[in-house]
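> Here is how the chains run, residue by residue.
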Amino acid sequence: MKSYRKELWFETRTRRQLINITPEVETCLRESGITEGLVLCNAMHITASVFINDDEPGLHSDYETWLETLAPEKPYSRYNHNTYEDNADAHLKRTVMGREVVVAVTEGKLDFGPWERIFYGEFDGKRRKRVLVKIIGD
Amino acid sequence: MKSYRKELWFETRTRRQLINITPEVETCLRESGITEGLVLCNAMHITASVFINDDEPGLHSDYETWLETLAPEKPYSRYNHNTYEDNADAHLKRTVMGREVVVAVTEGKLDFGPWERIFYGEFDGKRRKRVLVKIIGD
Amino acid sequence: MKSYRKELWFETRTRRQLINITPEVETCLRESGITEGLVLCNAMHITASVFINDDEPGLHSDYETWLETLAPEKPYSRYNHNTYEDNADAHLKRTVMGREVVVAVTEGKLDFGPWERIFYGEFDGKRRKRVLVKIIGD
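Protein chains in written order, with the numbering used here: chain F, 150 to 287; chain P, 150 to 287; chain S, 150 to 287.
Keep in mind the hints are simulated off the structure, nothing from the lab. A hint or two may mislead.
[What the hints assert, rightly or not] Chain S residues, not near chain P, derived (Cβ > 10 Å throughout):
1) Leu157
2) Glu205
3) Asp235
4) Glu249
5) Gly274
[Unchecked claim] Listed next, the in silico DMTMM-like pairs over lysine to aspartate or glutamate satisfying Cα-Cα at most 25 Å (straight line):
6) P:Lys278 with F:Asp204
7) F:Lys275 with S:Glu173
8) P:Lys278 with F:Glu256
9) S:Lys155 with P:Glu234
10) P:Lys223 with P:Glu175
11) P:Lys155 with F:Asp287
12) P:Lys223 with F:Asp204
13) S:Lys258 with F:Glu156
14) S:Lys223 with P:Asp204
15) F:Lys278 with F:Asp204
16) P:Lys258 with S:Asp287
17) P:Lys151 with P:Glu175
18) F:Lys258 with F:Glu175
19) P:Lys278 with F:Asp235
20) S:Lys275 with S:Glu222
21) P:Lys258 with S:Glu185
22) P:Lys275 with F:Glu256
23) S:Lys278 with P:Glu205
24) S:Lys151 with F:Glu222
25) P:Lys278 with F:Asp287
26) S:Lys278 with S:Glu185
Even for Gly, the Cβ is constructed at its ideal location relative to N, Cα and C.
Using the sequences provided together with the hints, build the complete structure.
Next comes the structure, spelled out in structure tokens:
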């Protein structure tokens with residue numbers, strides 16, 4: 150069994166941002182030389198997400214509105230977590246969006262349906278944060 | 150390491166439906182000949198879900214009501230994604246329910262607790278869509 | 150490829166509780182002797198969750214409040230599932246929090262960011278329930 154590991158680093162200019170990282174994960178897969186197996190791709194921070202959905206700006210603005218409805222950023226005082234922090238909402242938003250994806254590798258490629266794309270979801274940005282790409286297989 | 154891949158196809162009559170696919174996944178596992186490893190089972194479409202929960206009709210109707218509360222289908226105009234589409238709610242419902250499950254394989258069986266069953270969750274149906282079953286192990 | 154399996158058992162005193170199980174999973178990893186691979190850690194019950202987030206009491210009380218807003222426990226009659234049961238809310242809360250996590254194993258350790266911790270999320274406790282730890286790799 151082969152294994153491969155890489156960290157992808159991000160620093161967004163805004164508190165929240167969705168970034169299509171599919172090309173970076175495809176590069177990792179090529180570097181790994183693995184043709185059959187599984188890719189794990191996870192946020193290494195607990196206020197960020199890795200998820201799979203559509204690369205469509207309208208949907209991304211719907212995510213922003215929807216997540217703010219489910220877990221509003223403000224007032225910061227609504228959350229007990231926000232004593233020295235102001236990012237409780239980011240922990241909850243990431244919970245909705247998920248920490249990780251596992252993707253099949255078949256014949257050296259990400260085994261995706263037609264519109265599947267991998268995103269980094271940042272919910273407490275403006276600082277350097279990481280995604281882990283781990284690939285195992287043959 | 151062995152690997153196995155199969156697509157399961159679905160075409161629901163209604164926009165939303167939950168289908169117990171545990172028997173199909175068990176058939177895949179038997180076909181694979183793998184006795185120790187992991188099964189990845191994921192929706193290949195971004196308006197559908199694969200998740201694990203109870204095969205109980207009351208709970209399934211609760212899911213329908215609950216998901217409509219969290220991410221209502223209508224009015225379609227409430228979502229920016231719905232310009233040429235009407236399925237933004239399906240993207241959000243699938244986000245809540247999750248894209249995929251990873252299940253342990255032990256002694257040739259899905260290593261499940263007493264009530265765990267795998268479901269295909271369709272949120273924008275009435276057309277042919279797929280689930281991927283990928284199994285790796287020995 | 151090596152594989153390892155262990156069940157972790159819990160019986161909480163209260164209906165809902167979050168328990169940091171990172172030390173137990175690290176013990177499993179040491180016992181497995183696996184240095185490169187993947188850990189799957191999942192609730193074996195459909196009213197409980199395994200998830201990764203911060204070990205911070207304020208955040209945990211925010212989770213309690215937030216999940217009660219998204220899927221209230223009472224009145225029990227609001228859910229069709231609650232005929233012989235009273236735990237429909239626990240199925241929905243677990244859906245939000247997720248069934249499982251997959252964690253990379255690198256050089257014999259859980260490959261975690263600085264604040265990642267694994268939690269057992271109990272939403273219908275006061276009885277014995279299980280988490281599965283399955284590790285595959287070399």
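> State for each hint whether it applies.
Now for the hints, and whether the structure bears them out:
1. Leu157: Fine: 12 Å to the nearest Cβ keeps Leu157 of chain S off the interface.
2. Glu205: Given that every Cβ of chain P is farther than 10 Å from that of Glu205 of chain S, nearest at about 24 Å, it holds.
3. Asp235: 12 Å, holds
4. Glu249: 6 Å, violated
5. Gly274: 15 Å, holds
6. P:Lys278 with F:Asp204: 19 Å, holds
7. F:Lys275 with S:Glu173: 34 Å, violated
8. P:Lys278 with F:Glu256: Judged against 25 Å, a Cα distance of about 22 Å means the pair holds.
9. S:Lys155 with P:Glu234: 46 Å, violated
10. P:Lys223 with P:Glu175: Violated, at roughly 37 Å.
11. P:Lys155 with F:Asp287: Holds: Lys155 of chain P and Asp287 of chain F sit about 18 Å apart, inside 25 Å.
12. P:Lys223 with F:Asp204: 22 Å, holds
13. S:Lys258 with F:Glu156: Between Lys258 of chain S and Glu156 of chain F the Cα gap is close to 16 Å, so the pair holds against 25 Å.
14. S:Lys223 with P:Asp204: 22 Å, holds
15. F:Lys278 with F:Asp204: 22 Å, holds
16. P:Lys258 with S:Asp287: This hinted pair holds, its Cα atoms lying about 21 Å apart.
17. P:Lys151 with P:Glu175: 17 Å, holds
18. F:Lys258 with F:Glu175: Between Lys258 of chain F and Glu175 of chain F the Cα gap is close to 8 Å, so the pair holds against 25 Å.
19. P:Lys278 with F:Asp235: 41 Å, violated
20. S:Lys275 with S:Glu222: Within the cut-off at roughly 16 Å; holds.
21. P:Lys258 with S:Glu185: At roughly 24 Å apart (the allowed maximum being 25 Å), Glu185 of chain S and Lys258 of chain P satisfy the hint.
22. P:Lys275 with F:Glu256: 31 Å, violated
23. S:Lys278 with P:Glu205: 20 Å, holds
24. S:Lys151 with F:Glu222: 45 Å, violated
25. P:Lys278 with F:Asp287: Violated. Lys278 of chain P to Asp287 of chain F sits at ~29 Å, over the 25 Å cutoff.
26. S:Lys278 with S:Glu185: Judged against 25 Å, a Cα distance of about 29 Å means the pair is violated.
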